[in-house]
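Student: Chain by chain, the residues run as shown.
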Amino acid sequence: MEKPATVTAPQTATTAPEILAKVKVERLENSLRYGYVGTILRINLSDFSVSTVATASYVPKYIGGRALANRIFYDEVGPEVGALTPENKIIFMTGPTTATGIPTGGRSVFTGIAANNYPEQYAWSGIGGWFGAEVKFAGYDGFILEGAAPEPAYIFIDDDKVSFFSAAGLWGRLVHDTQATLEAMHGREIKSIVIGPAGENLMRNASITTSNDNVAAKSGFGAVFGAKNLKAISVRGSGVVVPADIKRLFELRLQMCSPAMRPNPVVHEFVHGMDGNQIAVLGGWYRGQVACSHGCNQHCCRLMMDMPSAFSDSETVNQVEKCVGIFAYGFAEDCAWLPIMSWETEQNTLPPCKMLSGEPPAPDLSDPHLPALFAKVPGDIVNYWKPDFHKGSVMMHLCNEYGIDKWDVIVWYFTWLSMAKKEGLLEDMDFGMEVDVENEVFVRYFLDMICYRRGKWGQLFGEGMARATRELGYEKYSRSIYHGRYSQAVPGLQLDLPVSLETAWGMSYHWAGRGYEGSNNKPTWLAVTLMQMTSTRDTQTVAHFHGDYNDLLAIGDDPCHSRILVDDVIMNENKAELKDSVSTCEWQSPDLYWTSMEAEMFTCATGIEITEEELEEAAVRSKLLMRAITMRNHARTRQLEVDSIYPSIIYPDCHGETVTEVEFNDLVDLYYEARGWDQATGWPTRETWERYGLADVAHDMQELGMLP
Amino acid sequence: MNARSYGPHIVQYPKEYSLCAGCTSCEIACSLTHDGVVGPRYNRIFLVRGTSSMIHEVAACMHCSDHPCYEACPEQGQAMTLDANNMVRIAEEFCTGCGRCMKACVFEPARINLVKSKVASKRSAKKCDLCAWRAEGPACIQYCPVRCIGLSSNPVPEYSPAVAQAPDGGQ
Ligand code: SF4
Ligand code: SF4
Numbered sequence: 001m002e003k004p005a006t007v008t009a010p011q012t013a014t015t016a017p018e019i020l021a022k023v024k025v026e027r028l029e030n031s032l033r034y035g036y037v038g039t040i041l042r043i044n045l046s047d048f049s050v051s052t053v054a055t056a057s058y059v060p061k062y063i064g065g066r067a068l069a070n071r072i073f074y075d076e077v078g079p080e081v082g083a084l085t086p087e088n089k090i091i092f093m094t095g096p097t098t099a100t101g102i103p104t105g106g107r108s109v110f111t112g113i114a115a116n117n118y119p120e121q122y123a124w125s126g127i128g129g130w131f132g133a134e135v136k137f138a139g140y141d142g143f144i145l146e147g148a149a150p151e152p153a154y155i156f157i158d159d160d161k162v163s164f165f166s167a168a169g170l171w172g173r174l175v176h177d178t179q180a181t182l183e184a185m186h187g188r189e190i191k192s193i194v195i196g197p198a199g200e201n202l203m204r205n206a207s208i209t210t211s212n213d214n215v216a217a218k219s220g221f222g223a224v225f226g227a228k229n230l231k232a233i234s235v236r237g238s239g240v241v242v243p244a245d246i247k248r249l250f251e252l253r254l255q256m257c258s259p260a261m262r263p264n265p266v267v268h269e270f271v272h273g274m275d276g277n278q279i280a281v282l283g284g285w286y287r288g289q290v291a292c293s294h295g296c297n298q299h300c301c302r303l304m305m306d307m308p309s310a311f312s313d314s315e316t317v318n319q320v321e322k323c324v325g326i327f328a329y330g331f332a333e334d335c336a337w338l339p340i341m342s343w344e345t346e347q348n349t350l351p352p353c354k355m356l357s358g359e360p361p362a363p364d365l366s367d368p369h370l371p372a373l374f375a376k377v378p379g380d381i382v383n384y385w386k387p388d389f390h391k392g393s394v395m396m397h398l399c400n401e402y403g404i405d406k407w408d409v410i411v412w413y414f415t416w417l418s419m420a421k422k423e424g425l426l427e428d429m430d431f432g433m434e435v436d437v438e439n440e441v442f443v444r445y446f447l448d449m450i451c452y453r454r455g456k457w458g459q460l461f462g463e464g465m466a467r468a469t470r471e472l473g474y475e476k477y478s479r480s481i482y483h484g485r486y487s488q489a490v491p492g493l494q495l496d497l498p499v500s501l502e503t504a505w506g507m508s509y510h511w512a513g514r515g516y517e518g519s520n521n522k523p524t525w526l527a528v529t530l531m532q533m534t535s536t537r538d539t540q541t542v543a544h545f546h547g548d549y550n551d552l553l554a555i556g557d558d559p560c561h562s563r564i565l566v567d568d569v570i571m572n573e574n575k576a577e578l579k580d581s582v583s584t585c586e587w588q589s590p591d592l593y594w595t596s597m598e599a600e601m602f603t604c605a606t607g608i609e610i611t612e613e614e615l616e617e618a619a620v621r622s623k624l625l626m627r628a629i630t631m632r633n634h635a636r637t638r639q640l641e642v643d644s645i646y647p648s649i650i651y652p653d654c655h656g657e658t659v660t661e662v663e664f665n666d667l668v669d670l671y672y673e674a675r676g677w678d679q680a681t682g683w684p685t686r687e688t689w690e691r692y693g694l695a696d697v698a699h700d701m702q703e704l705g706m707l708p
Numbered sequence: 001m002n003a004r005s006y007g008p009h010i011v012q013y014p015k016e017y018s019l020c021a022g023c024t025s026c027e028i029a030c031s032l033t034h035d036g037v038v039g040p041r042y043n044r045i046f047l048v049r050g051t052s053s054m055i056h057e058v059a060a061c062m063h064c065s066d067h068p069c070y071e072a073c074p075e076q077g078q079a080m081t082l083d084a085n086n087m088v089r090i091a092e093e094f095c096t097g098c099g100r101c102m103k104a105c106v107f108e109p110a111r112i113n114l115v116k117s118k119v120a121s122k123r124s125a126k127k128c129d130l131c132a133w134r135a136e137g138p139a140c141i142q143y144c145p146v147r148c149i150g151l152s153s154n155p156v157p158e159y160s161p162a163v164a165q166a167p168d169g170g171q
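Listed in order, the protein sequences are those of chains A and B. Each residue of the first sequence is one higher than the one before, starting from 1 at the first, in the working numbering. Each residue of the second sequence is one higher than the one before, starting from 1 at the first, in the working numbering.
Honestly, the hints are just simulated from the structure, not real lab data. Note that this is a predicted model, so its numbers are computed, not measured. For every residue, glycine included, the Cβ atom is placed at its ideal position computed from N, Cα and C. Please note: incorrect hints may appear among the correct ones.
Said to hold, decoys possible - Using C-beta positions, here's what the derived DEER-type ranges look like:
(1) Glu346/A - Glu57/B: 57 to 65 Å
(2) Ala280/A - Glu57/B: 28 to 36 Å
(3) Lys24/A - Glu57/B: 30 to 38 Å
(4) Ser31/A - Asp83/B: 38 to 46 Å
(5) Ser46/A - Ser117/B: 31 to 39 Å
(6) Ser117/B - Lys22/A: 21 to 29 Å
(7) Val106/B - Tyr593/A: 47 to 55 Å
(8) Thr85/A - Ser117/B: 52 to 60 Å
(9) Lys161/A - Asp83/B: 36 to 44 Å
(10) Lys161/A - Cys98/B: 21 to 29 Å
(11) Leu370/A - Val106/B: 51 to 59 Å
Build out the structure end to end from the sequences listed, making use of the hints.
Tutor: This is how it looks when you write it as structure tokens:
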């Protein structure tokens, strides 16, 4: 197989890195005792200084994780700050459950002005692995990264010693090589977050990677690291995290998402993919299941073992596949939808972690809704590319090693290349190679081009699809209709789809009724669309919509006038704030029939008694802070958000339907009313700010003329 | 040929039976059960992590019959004792945390952990005691969600879908 000459092969040699600065941290007395470790680090890369902030000055009011990061960002970063400027701050925050052993608490979150949304706005990105736990063992609940290093650097946090090293020997290295080199230099027990060459080259889809190929991919924070000249952060901690209630903790381990507690054998599979994307694999392939993060009780990540490498015909690699990766291999047909994926009953639920681990609970046959819950709606025929096992593996491996968000590569770049070519839009573009998404050589060539920003097209597409299509000409290159989409829900029905699968804020479709994962029903895609509207990025990775099946029945065929749907949306949004704050995981939460789960996790970790209602109040507070940031920093209004989202749903869903702008606005009215936001402007009222303990924000909004 | 002999210890089963998920639950259950904390100096079982291979190995005390850790302990008989089964036990109230037992461990990584502290009373070595005091047996085995570790005295289970589907995972 031909390889592009430009690919940087994994390297191994390393020399001792030059130390740029070393700081001893005075950690703060921890008045919190349980769950939290008490200190937040502030790291300034411009002058290599380090200081501390007391966690207790923010919690329990701002819980931890994303809620706490929202407050810090609101307090510290004003408008006009670009993603790739030194003024941008990246805030990394764990939750009070992180490193306690409460399942799913291992997940942590980054926030900051994102490189990848359009226009640039404040956003977040979650990550699993062991890094968050190790940060707490080192004595910190999180850190705030400020400034930009004068030269490529990496940070090593070793308990109370923070060292800044030259990254001259790491810059240019691929992700796994960077991880291995750091471990060779500082010891196997360190935990690292690193960027690959995509981040270094400010490719806007660049991710940050930690162990087990866990990535913070949404938001393009890898490019923000690159702009800060920051290649990696390694950490080693020798301290402890003390959960308040160990007896309860062990109960939670066996209660949360009912772990099967049974062997997890490596399975020799002979077929890959689902439905119309299935491939018979000659000789088979090996599948294992692994956990994503510290202390989890599930194993949702599909480990594909001994897969073809992008760099060597003689070596193989292990890689992890979650939901989207499967489409790298074959994308002739969109993902199917079962109502139970969104609408559940008490007897029958299908948590994503169970689906992905291949351990779905046995259906309860006594449930009268069972047939409806499992009435599969097949995905549309889209014919983006034929199944190809080798090519799919190479695409995944290159994304992993370059440090690029797989989502946008699979769902957006390559679908666009496929559709735009078929619609004759690429005829006068000379990429230096024929555009052919079914040719592995082209896949390598294109990914290499955008990662290393090679030539005119590498520069352009390295800016991400939202920006690239606008530069080329939005109407033609984004809104032209692809004529190759055919419904399977209504067999034979040809459906319009824009060649660029863009929804609001520079994101691609995700369970939005068209585009990728588009065969859900109207109430569900409306819920998804509403969630996306008030956000700044794809919400579905942390807020897959879930509701009770009886709600779906009550919503009936008029979802745009359903307060039940709005209340379900708000519940999902609030739970999403909690997932990134307490923290827990999208694939175990929300549990619709154990609604106090997150509050019980919080109390178990911290010893702070909190009711479900009080925690929900904290979730709303976090959502309101996000609203305050988007209003003050990004001039968010009702008109802006409706105008940004509505055009993405003018295309038909798999039944050939959509809603009118008037109907959608009726739904928005209901939503704002339920949230306590002014219907004309979309801005929260004083009463709403004050009800959630944000009188200071109300004051700021009044000064800005944004208090309705 | 390795002439060394071992007492009962924690073993990791082959991946064909059950693949370690890398969840660290074993380390966590161990340190929580013994010390009520989670921290990398407190677990007596070690997950040797494959950061990017995603293949992880579990390492725990092998309970060597010739116990070189015990032989190296300057407080032998007090901080380190031998129980009726020739298994080395640490009496933490007498342990000074000098770390000689850890250095004497013949395995890499060493199967003894060490809490370092400026406060002398907090310094201590930590070593697997097979949770001999727990009615439920070893906490690490009990809370491993994929049943990929077990006691060496039990033969490696053979995988069969029927075993895997059993409510107790064939334990
Ligand atoms: S048997 Fe008990 S002491 Fe030994 S490693 Fe397992 S949990 Fe720790
Ligand atoms: S608990 Fe089991 S699956 Fe998890 S890391 Fe330990 S041995 Fe592996």
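Student: Of all the hints given earlier, name the ones this structure violates by number, lowest first.
Tutor: Hint check: 1, 8 fail, others pass.
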